[in-house]
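Q: Residues per chain are reported as follows:
Protein chains: 4
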Amino acid sequence: MVKTKKAGVLGATGSVGQRFILLLSEHPEFELSVLGASSRSAGKKYVDACDWKQTDVLPEAAGQTVVKECTPENFAECDVVFSGLDADYAGDIEKAFVDAGLVVISNAKNYRREPTVPLVVPTANSEHLDCFSERVVAARKAGKKQGYQICNSNCSTAGLVIPLKALVDAFGPIDKVIVTTMQAVSGAGFSPGVPSMDVLDNLIPYISGEEDKMEWETKKILGHVSADGATFENIPDSELKVSATCNRVAVIDGHTECVAFSFKSDKKPSVDEVKKVLNDYVSEPQKLGCPSAPKKAIHLLEQPDRPQPRLDRNRDNGYAASVGRVREDAVLDFKFTVLSHNTVIGAAGSGILIAETLLKKNLI
Amino acid sequence: MVKTKKAGVLGATGSVGQRFILLLSEHPEFELSVLGASSRSAGKKYVDACDWKQTDVLPEAAGQTVVKECTPENFAECDVVFSGLDADYAGDIEKAFVDAGLVVISNAKNYRREPTVPLVVPTANSEHLDCFSERVVAARKAGKKQGYQICNSNCSTAGLVIPLKALVDAFGPIDKVIVTTMQAVSGAGFSPGVPSMDVLDNLIPYISGEEDKMEWETKKILGHVSADGATFENIPDSELKVSATCNRVAVIDGHTECVAFSFKSDKKPSVDEVKKVLNDYVSEPQKLGCPSAPKKAIHLLEQPDRPQPRLDRNRDNGYAASVGRVREDAVLDFKFTVLSHNTVIGAAGSGILIAETLLKKNLI
Amino acid sequence: MVKTKKAGVLGATGSVGQRFILLLSEHPEFELSVLGASSRSAGKKYVDACDWKQTDVLPEAAGQTVVKECTPENFAECDVVFSGLDADYAGDIEKAFVDAGLVVISNAKNYRREPTVPLVVPTANSEHLDCFSERVVAARKAGKKQGYQICNSNCSTAGLVIPLKALVDAFGPIDKVIVTTMQAVSGAGFSPGVPSMDVLDNLIPYISGEEDKMEWETKKILGHVSADGATFENIPDSELKVSATCNRVAVIDGHTECVAFSFKSDKKPSVDEVKKVLNDYVSEPQKLGCPSAPKKAIHLLEQPDRPQPRLDRNRDNGYAASVGRVREDAVLDFKFTVLSHNTVIGAAGSGILIAETLLKKNLI
Amino acid sequence: MVKTKKAGVLGATGSVGQRFILLLSEHPEFELSVLGASSRSAGKKYVDACDWKQTDVLPEAAGQTVVKECTPENFAECDVVFSGLDADYAGDIEKAFVDAGLVVISNAKNYRREPTVPLVVPTANSEHLDCFSERVVAARKAGKKQGYQICNSNCSTAGLVIPLKALVDAFGPIDKVIVTTMQAVSGAGFSPGVPSMDVLDNLIPYISGEEDKMEWETKKILGHVSADGATFENIPDSELKVSATCNRVAVIDGHTECVAFSFKSDKKPSVDEVKKVLNDYVSEPQKLGCPSAPKKAIHLLEQPDRPQPRLDRNRDNGYAASVGRVREDAVLDFKFTVLSHNTVIGAAGSGILIAETLLKKNLI
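Protein chains in written order, with UniProt numbering: chain P, 1 to 364; chain R, 1 to 364; chain Y, 1 to 364; chain V, 1 to 364.
Just so you know, these hints were derived from the structure itself, not from any lab.
Be careful, since some hints might not be right.
Copies of the same chain are indistinguishable here, so a pair counts whether it falls within one copy or spans any two.
What the hints assert, rightly or not - DSS-like mimics (lysine-lysine), calculated; alpha carbons at most 25 Å apart, straight line: (1) Lys276 to Lys3; (2) Lys267 to Lys176; (3) Lys145 to Lys3; (4) Lys3 to Lys267; (5) Lys275 to Lys53; (6) Lys295 to Lys53; (7) Lys264 to Lys141; (8) Lys45 to Lys213.
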């Protein structure tokens, strides 16, 4: 195991940052090199700066690393920088990093809607990463570093678009989607995150901003790169209608989403054909041999009472989506239930797999 | 408070039976007269026969009542009989009771699909009870007792049809409904009911038989009585398509349902018109002055994060449905989230309110 | 129902304040007269100033009341003032109120350890309230208002001292107590209160400051008034050793406490004698006929798996403690499990019952 | 990795059996060879016979194994047999296996109290396994197989005795223990296990038979082997008093136990000495180099709010106990809170580690 690339983490003490550290500490290709956090934490050992809340023990080496401020200079050696910054800080800091020639993969929402920034769920639309190829090649020829920004999607979007992408690839455009989510509390972080009074013997039928994110992001991820590779175009509202209803439930990890949808074409596949396409789907990171790529991007479950968050969220270490209950819908064409791990393929893990894909594509 | 009518309870030791006992013990009109259970319990005091699991203390008088076997002879004095029997037993016993001239209001599923049996959510379609008027009048003239059977709906159907009925009354037929439920564990009873391993840090994306019940029952409840009043006709599938997805979540009481729907007519109301109709809806049991009728059959909630099961399920003692998040839908016309108390308006309470309505209609 | 006394609430928008409002809105003797909160809320209608989080609907009249700042002038008309203030504010405000001749019953911890302030769990040591009798009589003769301060105990102390007091009254001093608690999340309020990540599939084996409070408060509540009635003396550590371990668990309301204890005397009662004393215990508020006094201060439960928080916390509207599993202990003399409602007899309800007792004692 | 020994599993389809299969499927020394279950399952592939409920996916090879009936003949090739049988079946079947010369390590309670059967928590009293040395040596010389039976402890006993054993080894006898547990639901299996109504917004202050097991087993595990190595003698009640109170709480895995205790000797160690001994404790399986032995048998945690089940139960893959909150006790000498994984070191994992220890001791 030779770690060939240096990685930095912005917002290292937060909940997403902690996940990045866990995933990078045992990573075969990326060396955890710089940990950045607020000036309040800078200068302290990570173990002292951080209220570690993961179920895995804090890796010793990471714990002993001294936290730095989030300036491009401090991260100059990094081949890739993962950002778990809060949206309040991500805007300025990430821009400064990209301007300084760094590659930033961000979990923050700030730049997701920028037409020049790819919004990537790696097992769904990693081909969007190719938009940087020409620029990187040109910069390398010129002996320069090409900074660029990539965003991973909102956690609830990830689980939705993976099966949709598989189906669109096989059967052509989907033009109607109605999705109702039951989302885990870990998506809201832990200080304070979701209050216990909200989810004990209760659920919250609303997550601020979430429905709009799911509806918008789905149209970008399933959308197209412009001819010159420079900008991304959402599928227009007239061609794809997405209706999302988002709920918070008493689950630690794993978003469950009940999805009904219709294909644009009048020529409908059968339920068995839909299932086969989901089961056979192979994403680009799998083909490229990315070390974190799931064995199967989609696990098709046939038991009637699956997927379940506690039993299925860790399939392929949380990088797979699990789809069950595939059946015809009385109103739209089909429906299914999809589960994805919101802190892995829905957040930090997505960032890692994007970086691995960039490496295989020779973009870092 | 003069209790003018005698009531019996079948399946008195079960979870639904226990709720009937609580509701009847303090009822202003019905006197809890006979408690029936299996031969294993018969002959014992109720307090000894029953594993009482309610949050309210077992009423003293009910506890001291000696349990009887479920024969029509034992219930001959009853003006109305509430059945909380398991489906395994309800079929034969309820039929025998009706044949013996008793009025049976059942929570069991056995006769819900009988064309001659009204399926009633009292704040939605209590007018279906009128089908018995002529027969009761004729029998009374002849000095006989007219037995008949009524079923209350499945718990998850109740919350759905109340707002739908209000909207159909105001704006004409609804032809498409997609509903995703998050259902409480109390709906499954308590011995053993839902295992804790299923809902701690987890949810179950499936409830056996539940989706079909919701889809079918909705079409009967919103359907029509035949011209001669003798049979009920579902709205045909061609005119109303209902798609239900049912999930079990870690909530004790209160089913939450996310609903999207379309009106048949091209002339659509506005969101504000939809809200006003829901808010202003007055059901027949309210108009009749039934003692358990809710002050409002539908509570329209405007806060974005409501209804919540723990905070809203007990509105009007659980006889009201709470509707929130009313808004336009990207795929169908509108969507909202409805909460109803599954063991009150969704089960035993529905039975009580049906009986009160029968009494006001002079049918018992 | 003639409401003869005017009541004010300090900290009305907080979780304890909300409970005071619910309890006072339907109170037969106290009229909810003034609502006080921070300057941020002052001037607004209560319904607009408050994020209402109770399972009962906000009473209409209270919702329309305009919130005032917490100054003695604003509460001058009040016969009694209930304080749900945070400890950060309670110290100064409550002192100013008492100095202005007002009677303050506080849920805050600030003055609990003042030797001149009675610390009262009303069904345990309401006789401590008599310390004010002479002063009140003298002040009335002089045509003045006598201000004074009373504190209710910490929520976890209340459940412990009620059965201990019953036993001490019957069998003489208890000299050793080991108690382990499993406490509900509502004790920590709701914004943010206990994070959901702390209690979903988890518990927290520590509550800051709680163990010390339980150990100390128990010795004051079971302690004595000085001869001149002016000061309270704890039972000395040499005569009563209390060891508390406090845990937070995934329960909404109701603290469960596993208690082992020994009597000082070598003459030990039998288990049946202990049970009988607990079952027969009648507290002073019951004897005085206080409207909120429980029918039984202690419910002795004989089923082996009781008390349970969800099933037993609301006995006598939450004013009773439930004791079960009374048995001999292998190390100390006896052990039992006690459950009490932390927001009723453990907080706001205790304040109300103290006020009712004061009224019956002619002290307000 | 050469798997040198063949292992069988009795009761393979149950919850404990499923854990054995997971632990054995990746085991470096034991080859999962025979799966036994009831005649209802015999003849089927394991994947078809079993309702797999683990968070890890069923290993492919195990899933394809054909289940056999639980007869000694079917397990003749096994060097060691792990039993996850229900107590209803374990008695007869395990005896038949031992009589046939097989080594049985059982999770069932049936033989735990047999004086000739060692009751072993491997990181506490693995030296009890030496009782079989002479017999095994003699049998091997005679060319025979020596069957024998070992029991692992009840899940709640394991967490208690590990730190107690460390302390007794260092400071001499402990004579008083008061322990209150908060136990996970997985200890009760999953069909149906603990009903969800019991632990949602609730806890159960009682587990049938559990307190007696903890009190009795502790005295055997801390007890002595007879001079001839043939029988085990409990510490007499007069020398060790153990008081246990057992509660079930809403946690999936991990039993938390609040323990107060006293040493017999008047010469008391300091808190720091107690902590040091716990932290420095090395168990025999660690010294022997058993592959599943934890790096540390006891993790001493210094943060005030640890151990927590969700965050700490998986330390050293669940084979370690975590001890926190070590402090002086007001009534007894000291108190602490210990957490142990009830399905690993408290059940199946304990069996595996016992087998590894037997192998290192050349007893299988």
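Q: Measure nothing new, just compare the shortest in-copy and cross-copy C-alpha distances for Lys145 and Lys3 to 25 Å and report within, between, both or neither.
A: Answer is within: at 20 Å inside a copy they meet the 25 Å cutoff, but 51 Å across does not.
Q: Can you give me the call for Lys276 and Lys3, within, between, both or neither, at a CA distance of at most 25 Å?
A: neither (37 Å within a copy, 38 Å between copies)
Q: For Lys264 and Lys141, with the copy left unspecified, which applies at a CA distance of at most 25 Å: within, between, both, or neither?
A: For Lys264 and Lys141, the Cα distance exceeds 25 Å both inside one copy (45 Å) and across copies (63 Å).
Q: How would you classify Lys295 and Lys53 at a CA-CA limit of 25 Å: within, between, both, or neither?
A: between (28 Å within a copy, 21 Å between copies)
Q: Within, between, both or neither: how does the pair Lys3, Lys267 come out at a Cα-Cα threshold of 25 Å?
A: neither (49 Å within a copy, 55 Å between copies)
Q: Is it within a copy, between copies, both, or neither that the alpha carbon of Lys275 lies no farther than 25 Å from that of Lys53?
A: between (38 Å within a copy, 24 Å between copies)
Q: When no copy is named, should Lys45 and Lys213 be tagged within, between, both, or neither for a Cα gap of at most 25 Å?
A: Classified as neither; 36 Å inside a copy, 35 Å across copies.
Q: Are the CA atoms of Lys267 and Lys176 at most 25 Å apart within a copy, between copies, both, or neither?
A: both (15 Å within a copy, 22 Å between copies)
In terms of the numbered hints stated before, the structure departs from hints 1, 4, 7, 8, listed from lowest to highest.
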